[in-house]
Amino acid sequence: MRTELAGPTASWNLASDLSQLLEYHFMVNALLAGSVAAVTAGLLGWLMLVRHETFAGHTLAVMAFPGASGAALLGAPAAAGYYAFCGAGALALGSSTQARQGSFRQRSAWIGSVQALALAAGFLFVSAYGGVLGDLEGLLFGNLLGIADGQLVALAALAALTLALLLAIGRPLLFASIDPDAASARGVPVRALASAFLLLLGIAVGSISQITGVLLVFSLLVAPAASAQALTPRPVLSLALTVVLGLLVVWLGLGIAYFSVYPPGFFVASVSFAIYVLARASAALLPRRASDEGDERTLDVQPDELVA
Amino acid sequence: MREGSAIELEDASVQLAGRAVWGEVSISMARGEFVALLGANGSGKSTLLRVVLGALALHRGRVRVLGERAGARNAAIGYLPQRHSFEPGTRLRGVDIVRLGLDGDRWGLPLPLPGRAARSRRRSARERVARVIEDVGGGRYADRAIDELSGGEQQRLLIAQALVRDPELLLLDEPLDSLDLPNQAGVARLVNGICRQAGVGVLLVAHDVNPLLPYIDRVIYLAGGRAVEGTVEQVINAETLSRLHGVPVEVLRASDGRVVVVGQPDAPALHHDRHMQSSLAAQGHAH
Numbered sequence: 001m002r003t004e005l006a007g008p009t010a011s012w013n014l015a016s017d018l019s020q021l022l023e024y025h026f027m028v029n030a031l032l033a034g035s036v037a038a039v040t041a042g043l044l045g046w047l048m049l050v051r052h053e054t055f056a057g058h059t060l061a062v063m064a065f066p067g068a069s070g071a072a073l074l075g076a077p078a079a080a081g082y083y084a085f086c087g088a089g090a091l092a093l094g095s096s097t098q099a100r101q102g103s104f105r106q107r108s109a110w111i112g113s114v115q116a117l118a119l120a121a122g123f124l125f126v127s128a129y130g131g132v133l134g135d136l137e138g139l140l141f142g143n144l145l146g147i148a149d150g151q152l153v154a155l156a157a158l159a160a161l162t163l164a165l166l167l168a169i170g171r172p173l174l175f176a177s178i179d180p181d182a183a184s185a186r187g188v189p190v191r192a193l194a195s196a197f198l199l200l201l202g203i204a205v206g207s208i209s210q211i212t213g214v215l216l217v218f219s220l221l222v223a224p225a226a227s228a229q230a231l232t233p234r235p236v237l238s239l240a241l242t243v244v245l246g247l248l249v250v251w252l253g254l255g256i257a258y259f260s261v262y263p264p265g266f267f268v269a270s271v272s273f274a275i276y277v278l279a280r281a282s283a284a285l286l287p288r289r290a291s292d293e294g295d296e297r298t299l300d301v302q303p304d305e306l307v308a
Numbered sequence: 001m002r003e004g005s006a007i008e009l010e011d012a013s014v015q016l017a018g019r020a021v022w023g024e025v026s027i028s029m030a031r032g033e034f035v036a037l038l039g040a041n042g043s044g045k046s047t048l049l050r051v052v053l054g055a056l057a058l059h060r061g062r063v064r065v066l067g068e069r070a071g072a073r074n075a076a077i078g079y080l081p082q083r084h085s086f087e088p089g090t091r092l093r094g095v096d097i098v099r100l101g102l103d104g105d106r107w108g109l110p111l112p113l114p115g116r117a118a119r120s121r122r123r124s125a126r127e128r129v130a131r132v133i134e135d136v137g138g139g140r141y142a143d144r145a146i147d148e149l150s151g152g153e154q155q156r157l158l159i160a161q162a163l164v165r166d167p168e169l170l171l172l173d174e175p176l177d178s179l180d181l182p183n184q185a186g187v188a189r190l191v192n193g194i195c196r197q198a199g200v201g202v203l204l205v206a207h208d209v210n211p212l213l214p215y216i217d218r219v220i221y222l223a224g225g226r227a228v229e230g231t232v233e234q235v236i237n238a239e240t241l242s243r244l245h246g247v248p249v250e251v252l253r254a255s256d257g258r259v260v261v262v263g264q265p266d267a268p269a270l271h272h273d274r275h276m277q278s279s280l281a282a283q284g285h286a287h
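Chains A and B supply the protein sequences, listed in that same order. Quick note on the working numbering: the first sequence kicks off at 1 and runs consecutively. Quick note on the working numbering: the second sequence kicks off at 1 and runs consecutively.
Bear in mind the hints are in silico, worked out from the structure with no lab data behind them. Each hint should be verified, as a subset may be incorrect.
[What the hints assert, rightly or not] To spell it out: a stretch of chain B is covered by chain A in this simulated footprint if at least three of its residues, at any positions, have a beta carbon under 8 Å from a beta carbon of chain A; those stretches are:
#1 64–77
#2 93–100
#3 107–118
#4 137–148
[To be verified] Not the full set, but computed from the structure, chain B residues with beta-carbon under 10 Å of chain A:
#5 54
#6 81
#7 90
[Unchecked claim] Taking CB as the label site, the calculated pair distances span:
#8 A:123 with B:226: 36 to 44 Å
#9 B:61 with A:286: 49 to 57 Å
#10 A:124 with B:108: 57 to 65 Å
Glycine included, each C-beta is placed from N, C-alpha and C at the ideal position.
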């Protein structure tokens, strides 16, 4: 497919570049699928960061590797393998989800063990298949430029379902993430929500990694949300910024890839990394009180409170 | 003040993982009263709060909270769990944290619906949040990210979160912990103001009674699997505490009224074991 293009060249006329790019159906599909993936992964990633579950999210992404290679080995549809393994991974991680905070250490050990097993199983499936697994590279790094219409529809349907569920549970989930004990006292089912979120994340990651690849879904999951959170603590603005930055990552990454001979995944990951670095740098430059400067004494207590 | 007590425990005992935490505890707390819940680490103070919230069932005995069984009236309880501070990277404003106390337990999102009723509901929710933030003196910093605030500022906003639904009873688990002395005094005074002006009963878990001495009505003291209640003078004296701990304990009074308990097995006046515990907890959070 790439060779047919015979090296399109970018000009300084962005409008003509854009129309050139949109002439190809596969580019339109790539942009649409990438946009859906960016919005879904961005919003899920935003909550994942608030919950400090980056490691769990990465493990769920890795789950797609044994999922896809296992499905190939069994001759099952690849999609079934993705959902089965990512879903099972979410349940496995959720089974150790502790509402109480003291257990983060044990959890990361458990998550790390699950991740190692997933990678080992993927490797086993690949070698059992005979080492000629058609598209191992596509499985790991995605095939953004070869998305069929049916895949796009499935992705969009699943994304719509994920976002609807996320809207429904979003507020109690945020409460449970920030303040599990207080939320639990208010009747919020903290543990059930923790498992539900991991399952939602697992299914979404399974769906997105079919187009972005196992390794690149993570850059859509983390970088846009982390950049937005670095730039503003206002939740609505931060969520909107996550979506905008995610779309920017996909569009810029695909746009650059179109005019280059290298695969799009590299540019998507590079743009998202660049945006994150820029966001951190500008957040550091914004006026912001360092936590170790003038800590409790200066701003906190009115002088009259001292003589209570 | 309404009829009946805020909290009533009768011959109550609790077990965690088959091990008795405390037993034969009979205590009561009146509505609108300011009570300090004292005791060494591991004496079961937080466990008592969980019993009051209905999160932990009694092994034996009876508990009534605001006139009903524990857990039935949690909507009328403001609860501040024990926590040391927000982890860095918690990128939400103080005002958002307070807002979670108002409607964080509702399903669905507050969509910006048109119409006068929806608008006025939104406005009154915002005003309610702004008012409790003013009440705790957090107006200057509530719009900043919570992870940029000092421990004292975070603690005030968390108290606002517990207050935002106009509770009848406040359960505060170690709100003075990890604060420096001026902030301990400031937060203790703030809680006292809430208790007296709004008539909210306060059960405050503390590990050092001194910052609370000017304000509290009574103390409940947990040690050796038992509890005693009474005024500071009735409870914090050599005879009562020696009996409770089962070892000779001395109580010294400084000229400014502060008390120092000497000789108890796990002296709460020792600050270093606290710090060790909190640094362990901080490591536990690192991930």
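Against the earlier hints, flag every one the structure doesn't satisfy and list their numbers going up. 8, 10
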